[in-house]
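2 protein chains.
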Amino acid sequence: MDGEDQLIEKLALGVPSIGTRAARRIAAPGVQLGIGDDAAVIVPGRNADFVITCDAFLEGVHFLAGRHPADAVGYKALARATSDIPAMGAKPRWFLLTLALPQIRTGDWLADFLRGMRRAARELGLQLIGGDTTRFASVLSSITVLGEVAPGHAVTRAGARPGDVLYVSGRLGRAQLGLEMMRNSAAGETASLIRRESGLLRQHLYPRIRTRLGERLGNRRIASAMIDVSDGLSTDLGHLCAASGVGARIWAERVPRVEIPASQSKLACKRKLDPLQMALHGGDDYELLFAVPRRRAKELRRAPEFRDLTAIGEIERGSRVLLLDADGRAKPLRPRGWDPFR
Amino acid sequence: MDGEDQLIEKLALGVPSIGTRAARRIAAPGVQLGIGDDAAVIVPGRNADFVITCDAFLEGVHFLAGRHPADAVGYKALARATSDIPAMGAKPRWFLLTLALPQIRTGDWLADFLRGMRRAARELGLQLIGGDTTRFASVLSSITVLGEVAPGHAVTRAGARPGDVLYVSGRLGRAQLGLEMMRNSAAGETASLIRRESGLLRQHLYPRIRTRLGERLGNRRIASAMIDVSDGLSTDLGHLCAASGVGARIWAERVPRVEIPASQSKLACKRKLDPLQMALHGGDDYELLFAVPRRRAKELRRAPEFRDLTAIGEIERGSRVLLLDADGRAKPLRPRGWDPFR
Chain A
1 MDGEDQLIEK LALGVPSIGT RAARRIAAPG VQLGIGDDAA VIVPGRNADF VITCDAFLEG
61 VHFLAGRHPA DAVGYKALAR ATSDIPAMGA KPRWFLLTLA LPQIRTGDWL ADFLRGMRRA
121 ARELGLQLIG GDTTRFASVL SSITVLGEVA PGHAVTRAGA RPGDVLYVSG RLGRAQLGLE
181 MMRNSAAGET ASLIRRESGL LRQHLYPRIR TRLGERLGNR RIASAMIDVS DGLSTDLGHL
241 CAASGVGARI WAERVPRVEI PASQSKLACK RKLDPLQMAL HGGDDYELLF AVPRRRAKEL
301 RRAPEFRDLT AIGEIERGSR VLLLDADGRA KPLRPRGWDP FR
Chain B
1 MDGEDQLIEK LALGVPSIGT RAARRIAAPG VQLGIGDDAA VIVPGRNADF VITCDAFLEG
61 VHFLAGRHPA DAVGYKALAR ATSDIPAMGA KPRWFLLTLA LPQIRTGDWL ADFLRGMRRA
121 ARELGLQLIG GDTTRFASVL SSITVLGEVA PGHAVTRAGA RPGDVLYVSG RLGRAQLGLE
181 MMRNSAAGET ASLIRRESGL LRQHLYPRIR TRLGERLGNR RIASAMIDVS DGLSTDLGHL
241 CAASGVGARI WAERVPRVEI PASQSKLACK RKLDPLQMAL HGGDDYELLF AVPRRRAKEL
301 RRAPEFRDLT AIGEIERGSR VLLLDADGRA KPLRPRGWDP FR
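Chains A and B, in that order, are what the protein sequence lines are.
Residue numbers are given in the working numbering: position 203 of the first sequence equals residue 203, and the series is strictly consecutive.
Residue numbers are given in the working numbering: position 302 of the second sequence equals residue 302, and the series is strictly consecutive.
One chain only, chain A, in its complex shape (with noise of 0.2 Å):
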């Protein structure tokens, strides 16, 4: 059986590291001391600011040991994690892993779920520097993960004024149709869907982010104010406006939205599955949404994946978060995404 410093030594091979022994002898800004010790050691450079963020991801809440592969559930707790570095127009550098499992889980499961870490590390350019492990019923992942970005140039909610024009990156609500399909299929079926139907699950299972798209937009300071699109666009359109302190109106036919093929138009049915709302409501996606000051549109134009965003609709004076209809009828737009609270 492992102790804690053969699980702590399978982690640090398993994904992108900095240890103890290299590290030291590196001399220029960078983590100086990483893995090993009793907390890692950074020494800044000059010309970055540093972005700090975390979060959970809870077998039983946000998965399901039985049911999602090991290699996505370690994929997307990194890839979740990380969103909010670019969503602050910042670059993705090293992370913290606070990781707990049951015995049962320090075999191949924890193999499977660090190769799956290992390939989000590499994607998002991540190295591993520290972290925590201990034993619990379920498998519990927290992570801390830290970017860096120009100094001043850090992106936040706040800075959207009226006349912007509001943009979201990919299509919304696909996230929300993999879940709705894992959760229809049996538990011995999980595999097979998988395999069969690996394109429409991917942003459910191996969620992409925009992390070259979300550091242009800050390095170039296109955008006046940015969130990532984790709760649901209703919900993060609305903490994107609290916070700048405006209104803002969308237009629902303009919503990039999934697309739900035939294959899956039984399943539609029974759940009353409407893209349009999974495209408000539904979260998970991970897609980026900013404001773009009207005289920026011309930057935005040279932005990596601009062919990936849609201008939604634009940020007004006032409070309010308005949808319009195609006939131009607006309503509230109430936040009805996620909260695990409620």
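Hints are computed from structural coordinates only; laboratory data are not their basis.
Possibly wrong hints are sitting among the right ones.
As the list claims (entries may be wrong) - To be clear about the criterion: a stretch of chain A counts as covered by chain B if any three or more of its residues have a C-beta under 8 Å from a C-beta of chain B, and this derived list gives those stretches:
hint, stretch
1, 35–43
2, 51–61
3, 95–101
4, 115–127
5, 155–169
6, 206–213
What the hints assert, rightly or not - Residues from chain A that keep clear of chain B, each with C-beta distances beyond 12 Å, as calculated:
hint, residue
7, ARG46
8, ARG67
9, PRO69
10, TRP109
11, GLU180
12, ARG196
13, ALA252
14, VAL255
15, SER265
16, CYS269
17, ARG271
18, LEU300
19, ALA311
20, GLU316
21, ARG317
In this text, a Cβ means the ideal position worked out from N, Cα and C, and glycines have one as well.
Add chain B to chain A, keeping to what the hints say.
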């Protein structure tokens, strides 16, 4: 019923914290943006390295929500997470709190938890700058703590050299005695036990963290290597020696140990409690264990809390960690402290 936004507000008001509004006006190095955005933003000063650590504190593993008072859970969650910061010779500054709670704990229990955490934050000099909240069937806390230390002054586990003197602060085994007392009490008697024996239970419920001592040992370069005794002296001394590539010998009779008062002699018999064994292998004391080169001994005498320090042994060549009894007989000191996976 509270939503997540209300819960976050409770946390921000419940402990010393930095939010988004007040902070944005600060131009100096430090936290520019705290709670309430996607991530916190820290502007590094030129005269400090950052030290960062995280720690989980879980119901059923580390505490019992039905037994341990909520304010002690809040206090200890933050204190034990912070312990690694002075153990690096650094000064605690900020923390991020990931908190998962069942709905029934969001009222009075949470208020008491936050009262304990507030007291710890004040004593430790910490401000809350971010976190994550979610629901769960039991109480889970995972805390990330950031500290600052003069550039290059972080004290790792790795600098001990043969001839250095080994010191430990306080008396070891006190937390274990408290734990045994709690375990031995009936569920309904815990509250009266705590009132009656608050002194004996203090290190178990409200562990003292040696912030001033740790910071001085780092800033004045007094300690060549340091670790906090969280898993037990035998285990943590092993970690320090392994990281430094050295051995050590300690004298059993010099190890400062818990005193078991007459009131607990029945418990001591029943549970076969031996003060030396508790001091060697009991965890959760959070005292500092460190090596001091002999030429720094004079400087050490001026350190705060010097009177609480005991020289228990010295660093040697090799890799053996030896315990010497009163007759000078040496035995290997095997790591038999706390390991969650054993």
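(request) Please write out, lowest number first, the hints stated earlier that are contradicted by the structure. (result) 4, 6 and 7
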